[in-house]
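Q: Each chain, written out:
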Amino acid sequence: MEEKILEILEEHCEEALEYEGDNMMEDGVIDSFTVINVVSDLEEEFDIEIDAKYVVAENFRNKEAIIALVQKLMEE
Amino acid sequence: MASTTLFRKVVVLGYGKVTGEVLQYVYDRQAEYGYELVFIEHEVHALSVTEKICRDNGIPFHRIPDKKELARFLDQIGEKALLVSASNNFLFPASLVEKAHITIINFHNALLPAYPGRNAPTWAIYKGEERTGITWHYVTAGVDEGNIIVQKECRITEDMKAYELTQCLMDLAAEAFRESFADILAECARTREQEFDQGRHMYRSSEVPADGRLDLADRPERIYRILRSVDYGKNAIFPPMWTVIDGREAEILRYRKISEDKCKEGEGLVYLPLDNGEVLKIKYRYMDDKTGLT
Numbered sequence: 001m002e003e004k005i006l007e008i009l010e011e012h013c014e015e016a017l018e019y020e021g022d023n024m025m026e027d028g029v030i031d032s033f034t035v036i037n038v039v040s041d042l043e044e045e046f047d048i049e050i051d052a053k054y055v056v057a058e059n060f061r062n063k064e065a066i067i068a069l070v071q072k073l074m075e076e
Numbered sequence: 077m078a079s080t081t082l083f084r085k086v087v088v089l090g091y092g093k094v095t096g097e098v099l100q101y102v103y104d105r106q107a108e109y110g111y112e113l114v115f116i117e118h119e120v121h122a123l124s125v126t127e128k129i130c131r132d133n134g135i136p137f138h139r140i141p142d143k144k145e146l147a148r149f150l151d152q153i154g155e156k157a158l159l160v161s162a163s164n165n166f167l168f169p170a171s172l173v174e175k176a177h178i179t180i181i182n183f184h185n186a187l188l189p190a191y192p193g194r195n196a197p198t199w200a201i202y203k204g205e206e207r208t209g210i211t212w213h214y215v216t217a218g219v220d221e222g223n224i225i226v227q228k229e230c231r232i233t234e235d236m237k238a239y240e241l242t243q244c245l246m247d248l249a250a251e252a253f254r255e256s257f258a259d260i261l262a263e264c265a266r267t268r269e270q271e272f273d274q275g276r277h278m279y280r281s282s283e284v285p286a287d288g289r290l291d292l293a294d295r296p297e298r299i300y301r302i303l304r305s306v307d308y309g310k311n312a313i314f315p316p317m318w319t320v321i322d323g324r325e326a327e328i329l330r331y332r333k334i335s336e337d338k339c340k341e342g343e344g345l346v347y348l349p350l351d352n353g354e355v356l357k358i359k360y361r362y363m364d365d366k367t368g369l370t
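From first to last, the protein sequence lines are chains R and G.
Here our numbering is used: position 48 in the first sequence is 48, and no number is missing along the way.
Going from the second sequence to our numbering is simple: count from 1 and add 76.
Just chain R, same shape as in the assembly:
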């Protein structure tokens, strides 16, 4: 699963893979439009629904946060 998430991230925002900080949005690594694309691909790949309440900077602060979000949604 993690590998697939990283592939999706790489496709839309390669910089996100190298990023080691804790706020990709504020640091200009990823923008709101890229997040939409990433969310769309994650939903399709893992057949999950990512509710709008989860699409906040906190859950997209770095790749680890994105992986954790998908894991959480798949366990629900």
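I should point out that these hints are in silico values taken from the structure, not numbers from a laboratory.
Model, not experiment: these values are computed from the prediction.
Just so you know, not all the hints are guaranteed correct.
[Claimed, not checked] Distance condition first, Cα-Cα at most 25 Å in a straight line; then the derived DSS-like pairs of lysine-lysine:
no. : chain 1 : residue 1 : chain 2 : residue 2
1   : G       : K310      : R       : K72
2   : R       : K4        : G       : K357
3   : R       : K4        : G       : K333
4   : R       : K63       : G       : K310
5   : R       : K63       : G       : K128
6   : R       : K4        : G       : K310
[To be verified] Looking from chain R toward chain G, a few residues come up when the C-beta cut is under 7 Å (computed):
no. : residue
7   : M25
8   : E26
9   : S32
10  : F33
11  : I36
12  : E43
13  : A52
14  : V55
15  : V56
16  : A57
[Said to hold, decoys possible] These stretches of chain G come out as covered by chain R in the derived footprint (C-beta under 8 Å, 3 or more residues):
no. : stretch
17  : 123–134
18  : 182–192
19  : 300–312
20  : 328–340
The C-beta atom is built at its ideal place from N, Cα and C for all residues, glycine as well.
Model the placement of chain G on the given structure of chain R, informed by the hints.
A: Chain G only, in chain R's frame:
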């Protein structure tokens, strides 16, 4: 030679990407012109970066979600001021617009006078336009009626979704703003009046393409166009599209154009063949069964 302007204050209002770019540019020019800069966030956006730009650069940040409070705040501006409405749905009161010391410019995400009002990218896609664009215009008491300062065009590609078009338009808007800002500050921008057709339609936020309902017997190309036109990702600009399947109302969860070999049997899935040999995959759930996916 130092650049000059009679504006003593510049107020930026809005949310989202274009507002961030406009705000940053106005801040970068501040020392050159000497105006006071203020930012107002009226509508909150979950992924907005404007608060950080303000924090990093010491720009006064005001979050004013209430319309009346915002009107009062703006009404108290006493000095000659330029209000930049970057991506903003607040309608400026006529009493403010008509003040001699207040100048307001607004970004509209269509080529005015076409598609005035709300959600212009949606309507441009829905109507099958091949081109659209952006307009910066002066604000008058009428909605999206003021003189045009600058316009830029872009193409609507065949798979473009509303959020992708919005992104293109925001990039164009930021570029056009940077190109025009000096003339606006110098009050020498060459403008032109809009020419309105009779029966000009003002799009309202309550209007939804196809009234929000898909007819799965419709041409798949049209269904795809409707879905793309309302697709702003997780930004709930419109209620979810719905349709009727086996006599039950079903909410559309997501859609995607795929190649035929990727079609897989599954619950809650409909595949519609497109003329080009690809397939429109639609994921749905019955509206009387919202506890889980069908």
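Q: Please go over all the hints and tell whether each is borne out by the structure.
A: Against the structure, the hints:
With a CA separation close to 18 Å, the supplied pair K310/G and K72/R stays within the 25 Å bound. Distance hint between K4/R and K357/G is fulfilled; the C-alpha atoms sit about 21 Å from each other, no more than 25 Å. Using a Cα cut-off of 25 Å, the hinted pair K4/R and K333/G holds, with the two alpha carbons roughly 20 Å apart. For the suggested pair K63/R and K310/G, the alpha carbons sit about 19 Å apart, so the restraint of at most 25 Å is met.
Between the alpha carbons of K63/R and K128/G the distance comes to roughly 21 Å, so the proposed pair stays at or under 25 Å and holds. Between K4/R and K310/G the alpha-carbon distance is near 21 Å, which keeps this suggested pair within the 25 Å criterion. Because the closest C-beta pair between M25/R and chain G is about 6 Å apart, less than 7 Å, the hint holds. For the restraint placing E26/R at the interface with chain G, the shortest Cβ-Cβ distance is roughly 5 Å, inside the 7 Å limit, so the hint holds.
Hint on S32/R holds. Least Cβ distance to chain G is approximately 4 Å, under the 7 Å limit. Hint status for F33/R: holds, given a least beta-carbon distance of 4 Å to chain G, under 7 Å. Proximity of I36/R to chain G holds as hinted, the smallest CB-CB distance being about 3 Å (cut-off 7 Å). For E43/R, the interface hint holds, the least distance from its beta-carbon to any beta-carbon of chain G being 6 Å, beneath 7 Å.
Among the interface hints, the one on A52/R holds; its C-beta lies about 4 Å from the nearest C-beta in chain G, closer than the 7 Å criterion. Hint status for V55/R relative to chain G: holds, with the closest Cβ pair at about 4 Å, below 7 Å. Taking 7 Å as the C-beta contact cut-off toward chain G, the hint placing V56/R at the interface holds, the least distance being around 5 Å. For A57/R, the interface hint holds, the least distance from its beta-carbon to any beta-carbon of chain G being 6 Å, beneath 7 Å.
Three residues within the 8 Å Cβ limit are the bar, and the stretch 123–134 of chain G against chain R gives 4, so the coverage statement holds. Counting residues of the stretch 182–192 of chain G whose beta-carbon sits less than 8 Å from any beta-carbon of chain R gives 0, not enough to reach three: the coverage restraint is violated. Three residues within the 8 Å Cβ limit are the bar, and the stretch 300–312 of chain G against chain R gives 5, so the coverage statement holds. Only residues whose C-beta sits within less than 8 Å of a C-beta in chain R count toward coverage, and the stretch 328–340 of chain G has 3 of them, enough to reach three; the restraint holds.
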